[in-house]
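Assemble the complex: chain A is given as a structure, and chain B must be docked to it using the hints.
These protein sequence lines are chains A and B, in that order. Each residue of the first sequence is one higher than the last, beginning at -13 in our numbering. Each residue of the second sequence is one higher than the last, beginning at 12 in our numbering.
Hints are computed from structural coordinates only; laboratory data are not their basis. Glycine included, every Cβ here is placed at the ideal spot set by N, Cα and C. If a hint is listed, it holds; no wrong ones were tucked in.
When the alpha-carbon atoms are kept at most 20 angstroms apart in a straight line, the in silico SDA-like pairs for lysine to any residue are as follows: (1) A:K8 x B:P65; (2) B:K131 x B:D178; (3) B:K204 x A:D63; (4) B:K204 x A:A66; (5) A:K55 x B:H98; (6) A:K13 x B:E49.
Which residues of chain B face chain A? A few of them, derived with a C-beta cut under 10 angstroms, are: (7) G52; (8) E160; (9) K204.
Covered by chain A, per the in silico footprint, the following chain B stretches (three or more residues, Cβ under 8 angstroms): (10) 64 to 74; (11) 144 to 157.
What follows is each chain in one-letter form.
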Amino acid sequence: MRIFTLAAITALIALPAAADEKPVQLKKAPGLDKVEANCQACHSLDYIPMNSPFPNAALWDAEITKMIKAYGAPIDDADAKAIAEYLKKNYGS
Amino acid sequence: MITRRRLLGTVGAGVALTASGQKFARAAGVGLTPGVPEGVGTVATMEALSGKKPLIKLSYRPPNYESPLEYFRTPITPNDQFFVRYHLVDIPQVDPKTYTIKVGGDGANTPLELTFDDLKGMPAFEVVAVNQCSGNRRGLSNPHVVGVEWGYGAMGCARWKGARLKDVLEKAGLKKEAIEIAFDGADGPVVDKTPDFIKSIPTWKAVEESTLIAYEMNGQPLPHWNGFPARIVVPGWTGTYWMKHVIAVNALTKPQGGFWMNPAYRIPVGKFPLRDRFISQENAASTPITEMVVNSLITSHRDGAKVSAGKTTVSGMAWDGGYGISSVQVSADGGKTWAAATLGEDLGRFAFRPWSFNLSARKGKNTVMVNATNKLGQSQTSELIFNPAGYHNNVMQSITLNA
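Only chain B is shown next, with the shape it has when bound in the complex:
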């Protein structure tokens, strides 16, 4: 059954499809990541959502658009170049004048409702942090797994400004029995049996000083497609918890039991070198995805790029789950020898860390690889750690430069 409200919400601004449709727009001019399923090339197009520069459209509805490699050449990703990811298709334009966030739950003594002005009137904090979809690079899984077949671009790094979630929870009289904080956004499903997108994080993560309800992104209001008027920011953790258009924050004394916490967004227990655990949601086989694994990307060149023989500067970004990048190693000979790249501006432990490396390109093929290490001593993997949802792909990137 489909509700009228959802239906209207979905089709409100629509235009009619042509009866016969069009031929496939082949991925001409779309810089896809090498290794994604063949079919991606038949549907991916460069398209601009309202307020956005062209992004790689993987799906229209829900809108899933990734940033091309070239948008990652600065440690801050501009708002109009930032990727877009939704699960559900009813995405309302939220009016900030009537917008409120209901804060409550059985783990709160004094439930309250915050207006947009209330939120902005609270002490404000800023953090530069990477927002990366859990499934970024899913398209590179071998074997392939079903889902949005992201290449490298379901991520971005921005300066987020907002109120501390901790301060909001304190206003609501957070009880010590509260084990999880759950979020709901204004977006919803078109079929009433589709589970609403609700996510929770452990209370200890919610009350960290960098966890925000953000209403600014790079000094501007959040773009509609990135969660206007306000979204949750959980630095270090994957994007699934960064609830967009947040309308409810609930302190819970029991684990949130919805579809999007289990079975969705799970990783096998013990397979990844992670520190943060989400114990209240863990079972013998699986656990919620938590912090990002250490990773890096060459953004100066695409695979197969032509360069002149001799000195070439290769550069890119490195990031992790919030411990900070300690070094980036680059190999210009397919992994036989490695040397340290120069690290660029440090915008904080949750941010993209730029790096650059001068190599001497030999005539012919040069296989360039990159491997980042974080301050816990964790490095990237050389072999994929396969998991059914295609999460946490931090296989060292390897590209060919032709001189």
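Chain A with its partners taken away, still in its complex shape:
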């Protein structure tokens, strides 16, 4: 079995699972590149606005921790920090 690193497959993963998947454009702001590079390997980005704007900062932190610890998302610390800032500023309460 060949194993790909996340970075190596990021470009490929921008291909959706179903032919009818349309792009989900999130708010353009600092950190969006990290969100796009990390989050959509495992889920479409509509999950983020769907869960907004109610989460406070602690709730967004808890979500990112859950993605990494419970779901095994390979996100490095610097990216996790940038993603947290982005979500809190743009999709938080």
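Chain B in isolation, oriented as in the chain A frame:
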């Protein structure tokens, strides 16, 4: 790390995203449930998956699509209107010619492998049963909680046909020490560290006569998006146990220890009026979700609908965890006075029970509420029983009709 197999499985039929994307499709024409988080309106769209009528798309990948209110006007939900819910994104098209179900585990004496033909060759049984996502109405939680923000539509009722799970377990030589029966489906994660979706039920529930490995839904093969070629059907219990594309059934002498049994799909101990307990998975604080709580929905009218003053018929569905609906009460004055609705066709204790009520609409606003009671005497709540995952929301619905 992402495996090549998973990667290919995920992108196989893909089309490229446009570089810049599009503006938000606002929820124009999407009949969202009042009360869901504001952000749902920016991503929800009416979209048809292959073989499906348009459903309310909440997320593309994994696909989570709920049925609009209007699809619940008959006690049987047509296959192409039935909601879709997945946790993981690698969802293969399963070939029934090579499909098998491995039946075994340390609680089985004679492990075996069933082909699709083997399964269909076993004695067949039918049950009409509601399949409702544990998180149906999560979007109405107050305060809101994180997850797929379902409105009313993560449910449906179908006539399921299949082999009894009990018969399959007997073939595999079920040991008396087996305390749980665990299921795995063909779908999987894209990252190899993401826990595979594996669920178990207590053996006593698995051997009930209505618990099936179903291969037909409303007289047709299961739709791909609802678990083709075969899925587990656990009447009365929430959808999390109804494993789609089931490829493994394992009898276990110890509790299944995976993420999807704990911490996922848990409710606080003692908070809900439930009869069925899943003791082998229970701890002091939490327990797996089991049977559905008694519930109802007005499906003839949306909140804010215009009606003519005078006689108006309001109708909908009621259901519970399999005890059966005994009555549905309706109030046309915001809960001050209540009267019994007329119950419709009884398709069995696990099915949607239709009801209808003639009210006299007064000029102006009419606040219509509904409250179902089951044969155990359980009724819906007026206040939300809050829990962190947003499960078991059976707050009595209240809508305004404007005459």
